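*Asks:* The residues making up each chain are set out below.
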Amino acid sequence: MKPALSLAASLLLFCGHAIADCLTRGTGDLGIVIERAAGSLQIVDTTAHQSLFRVEGLGDLSHASAVYSRDERYAFIFGRDGGLTKVDILCGKIVNRVIQGGNSIGGAISQNGSLIAVSNYEPGGVKIFSTQDLSLVADIPATEVTDREGKRKGSKTVGLVDAPGQRFAVTLYDSSEAWIIDMKNPAEPKIQRHTKIGALPYDALVTPDGRYYISGLFGQDGLSLLDLWHPEKPPRLILEGYGRGEQKLPVYKMPHLEGWAVAGNSAFLPAVGHHEVLVVRQGDWVETDRIKVHGQPVFVMARPDGRQVWVNFAFPDNDTIQVIDTETLTIIKTLKTGKGALHMEFSPRGEEVWISVRDKDEVQVYDTDRLELTHRLQVDKPSGIFFTARAHKTGL
Amino acid sequence: MPHNSLLAALSLAAMVASGTLPADIAPARQAEIIYLLKHDCGSCHGMRLEGGLGPALVADRFADWETNMLAMTILYGRPGTPMPPWRPFLSDGEAHWLATQLKQGVRP
Chain A
3 MKPALSLAAS
13 LLLFCGHAIA
23 DCLTRGTGDL
33 GIVIERAAGS
43 LQIVDTTAHQ
53 SLFRVEGLGD
63 LSHASAVYSR
73 DERYAFIFGR
83 DGGLTKVDIL
93 CGKIVNRVIQ
103 GGNSIGGAIS
113 QNGSLIAVSN
123 YEPGGVKIFS
133 TQDLSLVADI
143 PATEVTDREG
153 KRKGSKTVGL
163 VDAPGQRFAV
173 TLYDSSEAWI
183 IDMKNPAEPK
193 IQRHTKIGAL
203 PYDALVTPDG
213 RYYISGLFGQ
223 DGLSLLDLWH
233 PEKPPRLILE
243 GYGRGEQKLP
253 VYKMPHLEGW
263 AVAGNSAFLP
273 AVGHHEVLVV
283 RQGDWVETDR
293 IKVHGQPVFV
303 MARPDGRQVW
313 VNFAFPDNDT
323 IQVIDTETLT
333 IIKTLKTGKG
343 ALHMEFSPRG
353 EEVWISVRDK
363 DEVQVYDTDR
373 LELTHRLQVD
383 KPSGIFFTAR
393 AHKTGL
Chain B
172 MPHNSLLAAL
182 SLAAMVASGT
192 LPADIAPARQ
202 AEIIYLLKHD
212 CGSCHGMRLE
222 GGLGPALVAD
232 RFADWETNML
242 AMTILYGRPG
252 TPMPPWRPFL
262 SDGEAHWLAT
272 QLKQGVRP
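Listed in order, the protein sequences are those of chains A and B.
Throughout, the working numbering is defined as the position within the first sequence, counted from one, plus 2.
Throughout, the working numbering is defined as the position within the second sequence, counted from one, plus 171.
No lab work stands behind these hints, which were simulated from the structure alone.
On a predicted model such as this, the values are computed, not experimentally measured, just so you know.
Here a beta-carbon is modelled for each residue, glycine too, at the ideal position from N, C-alpha and C.
Honestly, I wouldn't trust all of these hints.
What the hints assert, rightly or not - In silico lysine-lysine, BS3-like type, Cα no more than 30 Å apart, as pairs:
#	chain 1	residue 1	chain 2	residue 2
1	A	341	B	274
2	A	235	B	274
3	A	198	B	274
Stated by the list, open to error - Some, not all, of what chain A presents toward chain B, calculated at C-beta under 10 Å:
#	residue
4	24
5	72
6	83
7	383
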């Protein structure tokens, strides 16, 4: 008993020492910015517009994304090299890191916060980990396909999101499928597989209420829609008439379906191969309008109150951001940020938007009411920006 | 295939004629192309070119490829897939130079 006690005491002392460098504060106004080239990230304070910590050693972060634990203390970062890293944002430290696959693209945290799912390009599939210690809980290989060289390989998995009921939904690029993975019993994942959802589904999203899972299609017009209230029902093709008969333009960066940009009953989506934002009526899913924009849209994001939609663009138009007024469906502002405006993140209630500008090595903060630049933060080749408010949103 | 190699031969002839052989590319432009490779090709092929939505662009993959075929794939893309044509942004000579770099193995 005695040795155990003194061990506990010294552990406590040790911990006391270790947390001396950590901040004692809330995390609701914090966030992270990925430094894609350096394999590092910065932890930022969105109230003070300041960087708090720089965390290094996260591997290849091109195309990295992140989710938050439900206590908003830990960020889980998914890297291109298959790395899954858990970062304590109050201490600015990596607390755990595993190389879970060959080449990953993104992930999601489960409804109750206990599981992290990661989707992989290589080998294709989904791996599910405990958020506690990043131990493997389930390994779900993707459907095999034959590639150009005649080799068998797992389909790439994209658009992985969480859904109500301890479920995840994922899209399979090469095999044209959408899967719903039920993790209520972690020892026995139940998978509902929908096939033939459409050609080359490249990304997907779930609506904020967690009801609809929508996969964008690169190989044909339209999107595939699954109703997660009725997971047994096959997906429907929506907006299939879009762009018919029109010449598609080349796409120099794939659009992203992240979050669901809604205003009232309308949703805003990036068109593929057309320099347009599509306006869709929720419910019957018909296209009501198309808004001509500056280039191939990448992210189409609504300010949290739905009054504005902000759009960034693919190469060679990635020096521009446009703001759409959702009432009049007109562009009210065109901003020139500098080259490489890669990602945008709104403050939780939308008074500000933070924009990564890669070639300027800075994050620019705009007042969304005055549509003016208010702050700049120095960040090395910034890409994704993720604020802790995501912790409480389905699909983010 | 024969059609493609004819095109490739034609494009090489055109390059010789227009004097845009690799040696002509100024160091500053070479640096720009490598930056493009890292960040813009990288958005689909991975910033370290180890693969993403598009396959890895690494030397061993291109061992059996003619440099010209590689340059043609870059210039004209691969219709029906997300691989876009880079012709608006790279000259024949520049694509040829980039193909040579990829065949030699480049880690931008």
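*Asks:* All hints, please: hold or fail.
*Replies:* Quick rundown of the hints versus the structure:
At most 30 Å may separate the alpha-carbon atoms for a hinted pair to count; residue 341 of chain A and residue 274 of chain B meet this at roughly 29 Å. Taking the CA atoms of residue 235 of chain A and residue 274 of chain B, the gap is about 48 Å. The hint is violated against a cut of 30 Å. The hinted pair formed by residue 198 of chain A and residue 274 of chain B fails the criterion: a straight-line CA distance of about 37 Å is larger than 30 Å. A cut of 10 Å between beta carbons decides the hint on residue 24 of chain A: the least distance to chain B is about 31 Å, and the hint is violated.
At its closest, the beta carbon of residue 72 of chain A sits 30 Å from a beta carbon of chain B; the interface hint therefore is violated under the 10 Å criterion. Hint status for residue 83 of chain A: holds, given a least beta-carbon distance of 8 Å to chain B, under 10 Å. Nearest Cβ of chain B to the Cβ of residue 383 of chain A: about 8 Å, under the 10 Å cut. The hint holds.
Checked against the numbered hints above, the structure breaks hints 2, 3, 4 and 5 and satisfies the rest.
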